[in-house]
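In our numbering, the protein residues as written are 1 to 218.
Hints in this document: simulated from the structure, not taken from any laboratory. Careful: at least some of the hints might be erroneous.
Pairs of lysine-lysine residues, derived as DSS-like cross-links and limited to a Cα-Cα distance of at most 25 Å, are as follows [as the list claims (entries may be wrong)]:
1) Lys16 x Lys117
2) Lys162 x Lys117
3) Lys43 x Lys55
4) Lys69 x Lys43
5) Lys117 x Lys168
6) Lys105 x Lys117
7) Lys55 x Lys2
Label-pair ranges, simulated between beta-carbon atoms [said to hold, decoys possible]:
8) Ser176 x Arg141: 36 to 44 Å
9) His205 x Val174: 24 to 32 Å
10) Arg66 x Ile44: 17 to 25 Å
From the three backbone atoms N, C-alpha and C, an ideal C-beta is built for every residue, glycine too.
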Amino acid sequence: MKQRILIIDDNVTNLKVAIDTLETYDYEVLMARNGQGGFARAKIGHPDLILLDIKMPDIDGYEVCRQLKADEQTRQIPVIFISALQEVFDKMTAFSIGGVDYITKPFQTEELLARVKTHLELRRLQQELQNANETLEEKVRDRTAELAEANTQLHSEIERRKRQQQEKDRLFAVVSEQSDQLRNLTNLLIQSQQSDRQGLAIDLHNEIAQKIELVQST
Numbered sequence: 001m002k003q004r005i006l007i008i009d010d011n012v013t014n015l016k017v018a019i020d021t022l023e024t025y026d027y028e029v030l031m032a033r034n035g036q037g038g039f040a041r042a043k044i045g046h047p048d049l050i051l052l053d054i055k056m057p058d059i060d061g062y063e064v065c066r067q068l069k070a071d072e073q074t075r076q077i078p079v080i081f082i083s084a085l086q087e088v089f090d091k092m093t094a095f096s097i098g099g100v101d102y103i104t105k106p107f108q109t110e111e112l113l114a115r116v117k118t119h120l121e122l123r124r125l126q127q128e129l130q131n132a133n134e135t136l137e138e139k140v141r142d143r144t145a146e147l148a149e150a151n152t153q154l155h156s157e158i159e160r161r162k163r164q165q166q167e168k169d170r171l172f173a174v175v176s177e178q179s180d181q182l183r184n185l186t187n188l189l190i191q192s193q194q195s196d197r198q199g200l201a202i203d204l205h206n207e208i209a210q211k212i213e214l215v216q217s218t
């Protein structure tokens, strides 16, 4: 897939030279001849790189760059300024508002191509890094969701076992209480039987004694 470059310049000669140079090296080239048109073209065309002149009839290149960097759709697109302005102030301004490079006119085609290639490669690496970060973040989100689900299941299992243990404890208490009651009833029954046997023995002894006395008296 061809890499796409947007050139924003009101000078037809500059446009032609830049377009011819870039198309020779198999770049897809978009163009705009004023600042507002360039900004609109950047939002629609999604270029990989923008070559931006400074002096233009409607709004200058500085303002175009500010608008590009303020817009979510275009702020990540690298901007190389191409201008006849050579003062340090002009270059510092270009870098301070988001430009990644500054080429003075008239430019050498070799220099233009070298800088374009460098910043396109940097752009590609940044996109790869961003994609890798997004993939990593997605994996982290998925893993976090899995851990949260596992934690929920673990909590549910702990609660289930806790309820089981509570039910076991309750049943054990019931059985223990019934066992105590049964033991008490058994003891009472044994005591009652012992009392009955003692009473029967006494009655039998008295009856025998009475019979002996009766025999002796006759």
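These are the hints, each one checked on the structure:
1. Among the hinted pairs, Lys16 with Lys117 is consistent with the structure: their alpha-carbon atoms are about 19 Å apart, no more than 25 Å.
2. Of the supplied pair hints, the one linking Lys162 and Lys117 is violated, its CA atoms being roughly 66 Å apart against a limit of 25 Å.
3. Restraint check: the Cα-Cα separation between Lys43 and Lys55 comes to about 21 Å, which is no more than 25 Å; the hinted pair holds.
4. For the hint pairing Lys69 with Lys43, the CA-to-CA distance comes to about 12 Å; that is within 25 Å, so the pair holds.
5. For the suggested pair Lys117 and Lys168, the alpha carbons sit about 75 Å apart, so the restraint of at most 25 Å is broken.
6. With a CA separation close to 18 Å, the supplied pair Lys105 and Lys117 stays within the 25 Å bound.
7. Restraint check for Lys55 and Lys2: not satisfied, since their Cα atoms lie roughly 29 Å apart, outside the 25 Å limit.
8. For the pair Ser176 and Arg141, the beta carbons lie near 52 Å from each other, so the given range of 36 to 44 Å is not met.
9. Range check, His205 to Val174: about 47 Å between beta-carbon atoms, so the 24 to 32 Å window is missed.
10. Distance hint check: the CB atoms of Arg66 and Ile44 are about 19 Å apart, consistent with the given range 17 to 25 Å.
Checked against the numbered hints given earlier, this structure breaks hints 2, 5, 7, 8, 9; the rest are met.
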